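> What follows is the residue order along each chain.
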Amino acid sequence: MTLPQALQNREFRSTRSGALSERLIVISLALCATATVLITVGIIYMLITQSAGFFRSDAVTMSGFLTDTEWTALQSKDLAQAKFGIMPLLSGTFRVTLIAMIIALPLGLITAIYLSEFASAKIRSWLKPILEIIAGVPTVVLGYFAILVISPSLQLFSDGAFSTFNATSAGIAVGILCLPMVCSLSEDAMRAVPRSLREGAYGLGCTPFETSVKVVVPAALSGIISAFLLAFSRAIGETMVVALAAGTLPTLTLDPTQQAQTMTGFIVEMIKSESEYGTVQYYSLYAVAVTLFTITFLMTLVGQIIRRRFKESYQ
Amino acid sequence: MSSMPDAIVKQDAKYLADNARRRKQFSLWFYFLCVAIALISVVILVVLMISIWSQGQSRLSSDLLTRSHSELEIERSGMWPAILGSLFVCGTCALVALPLGVGTAVFLEEFQPTNKLLRWIHGFVQLNISNLAGVPSIVYGLLGLTVFVYMFNVFGQIRVNESAGMEIMGYKHFYQVLTLEPGHVVFVPQSDPTKRQTTFDEPFQAVDPDGNSIEISIWTPGTPKPSDPAIRRQTVRAGAIGGTITERSWYYFRLPFDKSFLSGGLTLALVILPIIIISSQESLRGVPSSLREASMGLGATTWQTVRDVCLPAALPGIMTGAILAMGRAIGEAAPILVVMGAAVAKSTGPKHLMDDAVTMPVLIFNWAGRQQDEFKELSAAAIIVLLVVLLLLNSTAIYIRHHVQKAQS
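If you read the protein sequences in the order shown, they are chains U and P.
In terms of the UniProt record's numbering, the first sequence opens at residue 1 and continues consecutively.
In terms of the UniProt record's numbering, the second sequence opens at residue 1 and continues consecutively.
Chain P on its own, in the form it takes in the complex (with noise of 0.2 Å):
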């Protein structure tokens, strides 16, 4: 009998009485503990938005948002052009990220698989998706900066100021000719656009910054140099090789893509994938399979029963996941540091595909970490801007799901 557990041996009324106490006492205790702890994450969302909008309030003005980055006029920074180089890069990133994401869920909910190693294939690429979710957004950078900037080096190693690789597109070559008289300018307009260099062995048609066309004639070196000053202004040394202005339509192109807002955009779409592809797959989960049962049954195929039934049951759902990875892709700013670099000082959007640009995270990076307190300040600003941003994203995600969650019910 000795045996027996505790709770019936000690059957005395007052023991038993006071361990109820004690219990429901702890468990008192534990819920306040609960209590307190949960409100632990309010206090922290109040703090980080009281702390950062009184240090940032101050600068919120209209320099902020229509001026660029200025080491001079630190009281006028602004922060257009990051901006804009948000927008473009997390555009390239969308039109990326989201049809590809979107098919790699369609393929592996939709397509079920028959035989074995297709199933194994599926099984493997589910796998591997999970594990990329997992994998750093710097390690992700770091791909984005070997392969989309450098591309293994397989056109050459970039060189400062100067675009190496294969220039494929949307360029047009000038040159610009610095005379023997420091500070005079002449424009020569180029028959060949397409190359990159010519040497001037013959005399030639050029332009001075007037817009006056002036004739330039060649001085062989060896010979005496011409004295009078106005004719060595229209003189140039054989074999001279001018400076390359070009002109580059929006559509310029050219390999390997180096530190331009499509290298940025190419990265963050690898780091917002999974996200997007596992948001798709749980709403395509959500699709009753009656409708599809029912589709078929009516003599649709797989594919049209997923084009015409399932996607447009699962679209808001994965709108909403979209719209959640877009707000984590523009939040980003590892990546896109490592890829573009740290440099702020740009004073307009992209121009071009291969132009570089500035993000906003990039900008709210570099300005905290000055010692300047006006680059706080303003760090602090651009970050109130960056979070409303946000704020505005994530409402319209909530608003889908709540939207479509009353017209489901």
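So that you can see chain U by itself, here it is in the shape it has in the complex (with noise of 0.2 Å):
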């Protein structure tokens, strides 16, 4: 009785050894994941007690930070005269996002609805491409781009009303930035979106309008505004637009041709003064740094609360 040629060969191991190795194996696989769980702690860590540096000083309280309504953490170096209100920051942050939603909001959702309901599989085929460019393109780019092409034209089209750096076109370019997004988004939600409802609003005598418009968006609609949202906090955290084209200048207004400082662009010219390290000027930073972060982390969260309460689910 001759066993196969697989059989004879076989060295068979302890299966003991084997669990072992595979034991340890998980282990190590846990402790990556452990790693993405160790920055959430690190970053709310440093938020806290960093921060915790800049609420201690006697310059600085609570309340004024939250309603003071000047900032010059920059600009006076003596403490005394130094004001520490957010809302300046805030409101360039605000002028910034809106402008940058009012562009990229409407704009692709409609070229997500061309690409999943219109366009053929030839003119996919390229404007997808292209979009990927545009959203692979880096941000600092796209701020060079504001202050070559974009301030240039506004204040051409406008008599120049508007000043040299300014909240528009940063908020354009922030715009141009998220566009891919929200299209690739809402249009894989768009796409998902089973055909037969789609044969359901023709069969009734719909038009491809009324299909698209009445049917298909209200189908996708958590799915389109998680992208909505997730686009709005990636504008809000967007740098490299903002120190370049929106100015330095924290003001409080809402008038979009005028400079606007926002939480990120301070951050930027923070770093960049190098001032030092330990004063209630540096620590500011980290005050400015947990705004930012718990208004983009509110967003993601309801963002995925939309998606999963939301969703509707087709058989």
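Treat the hints loosely; a few may be bogus.
[What the hints assert, rightly or not] No farther apart than 27 Å at their CA atoms in a straight line, the calculated lysine-lysine pairs in the DSSO-like style are these:
1) K406(P) - K128(U)
2) K272(U) - K346(P)
3) K14(P) - K214(U)
4) K172(P) - K195(P)
5) K376(P) - K346(P)
6) K128(U) - K214(U)
7) K272(U) - K172(P)
8) K14(P) - K311(U)
9) K24(P) - K14(P)
10) K122(U) - K24(P)
The set of hints was computed from the structure by calculation and includes no laboratory data.
Quick caveat: nothing in here was measured; it's all calculated off a predicted structure.
Hints in hand, dock the two standalone chains.
This is the structure in structure tokens:
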């Protein structure tokens, strides 16, 4: 009786050592996963301990931080005269983000409708890569584009009403940045809507416009809204564009033609000024970062809740 | 009967025809609107490319690629140290983020837990990763600054022009002593290269810049100074401390990391980690479960299945995701700016692990923010170089995706 070759040459190893190495591997993979949790813990720990250094100072109060209308951490080196009110920075961030959303949301959504409902396979095959290229353009390049092209053309069309650095050109550049993201996420959501729904709509005599706007978009609404929220938090956290194009003056206004300093813009200015470690001005970095982190974190969380709770499932 | 829908009550042929025509017309307009808006993105890309090309093409020369930033010779400034710096920073970032990211993805996708607690942990890690993906990169920059650069100040504060903290390996200290005559320098070879400082109390041997050995004698303060300038040139005050010249090997390592390219690379790794995890998870999810079942059916353990079946099948997808993430890392400026500072005056690439570096986006940011037109043009030229690098990366990713799709179908 001869065994097959494979069985004759087979070395039968003990399974016990195999089980041990298996367990070791699972543990090391679990450690990798733990690293991501550690990063979150690290971010939160850092923000709390370092911004405590800011709020512990006599020059700063919590209510002043939230309600004061001036932010002069960089302008006045003298601590007694420095004012730390987050409002101007929030207002700058809000202006830039609002303009970006006015650009990115409608354009992104309509492009997504076009891609998922109207475009032929051929058009898709070259429009998608173009969107991917825009998504891959480094943000510092878009910031440069804002100074080079958007600002001068805004000044040209408005007879110089816009200052060289202004919230609008930064907002437009951030909008361009968010557009591919809104587009591809909404398109994914709309493509997930089953064909039968569209066929039902067409069967009832709907036009393509009615099918896409009254049937497909509402069906994909949860995905679209979470795409919007993601774009929103991306725009709030966007740094290089605003650092280059929005200006460096914290202003509390709604005028989009004026300079604006955003929260991220302030962080970059502060780093560039190489301020001394350990001063109140330095710790104000972390107070701004806490605000920024809280806003974007809430946005992401709300987006996830919306996606989970309002997800419509079709069989 | 009055509650019947409009469409049925108003069975007027003319009304219906008009209504249908109006709706069709509207739909057609909407279609044109869609086409026009979809074309906007094309227009944006074309305007972007053309404006940057026309601004920067005059500066695309060998100087740009081989020389370093220079304030004095703006017309011959270049970006070679920045290219090297980007390479080093992104290399570090890939070395850290890839194993960590793929490991996490494998753990989350392939080792599905059976008991309730573990399932909860899985869900928590998953939620955590999607939250991390939404954290602005500048917050990661501050994390890197606090953790890698200052290490929460555990090792004492960073002082200017002096490396602080714990030096661990790969360094050798030499000393440089300035004699009483200004401009006359001698070097003292150091017998114990691990000591940072020595004070000179006894006569010792030194080397002058030409390599001649000279005897240095000691003058104690309080006693009369030697009057002969020749002797004075070989005399040092008792208790003098020399400035340190340190020779560092490439593996020079110290804590905290300070503003080094290692800090920058580690920070970037944090930024792209969620991206790598999510894309690896997606490509692992794309591996058909029949393959796993076949492997398990042959008696393979879970890890053997993952190693020999799932990972090879998912590899193209993982690689595509990794390359796209690296593209993101190369273009990322904000966290690098926060961790390594905005200074660009550096003439070489990093020499050792703790050396600082300039990266391409930081250089572009610095140049773009200046008043002089020459620097604006330089920054456009540097952008062209950066975009070419990104294009190469992206086309590699597209090639892999395309190639594999063909092979699998």
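> None of the hints should be skipped; say for each whether it holds.
Taking the hints in turn, this is what the structure says about them:
Restraint check: the Cα-Cα separation between K406(P) and K128(U) comes to about 19 Å, which is no more than 27 Å; the hinted pair holds. Restraint check: the Cα-Cα separation between K272(U) and K346(P) comes to about 16 Å, which is no more than 27 Å; the hinted pair holds. Between K14(P) and K214(U), the direct Cα distance comes to roughly 25 Å. Compliance with the 27 Å bound is thereby established for this hinted pair. Simply put, K172(P) and K195(P) have alpha-carbon atoms about 9 Å apart, close enough for the 27 Å limit, and the pair holds.
At roughly 19 Å between alpha-carbon atoms, K376(P) and K346(P) fall within 27 Å of each other, so this suggested pair holds. About 25 Å separates the Cα atoms of K128(U) and K214(U), which keeps this hinted pair within 27 Å; it holds. With a CA separation close to 32 Å, the supplied pair K272(U) and K172(P) exceeds the 27 Å bound. About 42 Å separates the Cα atoms of K14(P) and K311(U), which puts this hinted pair outside 27 Å; it is violated.
At roughly 15 Å between alpha-carbon atoms, K24(P) and K14(P) fall within 27 Å of each other, so this suggested pair holds. Distance restraint check for K122(U) and K24(P): the Cα-Cα separation of roughly 25 Å lies within the 27 Å cut-off, and the hinted pair is therefore satisfied.
In the structure shown, a violation is registered for the earlier hints numbered 7, 8, in ascending order.
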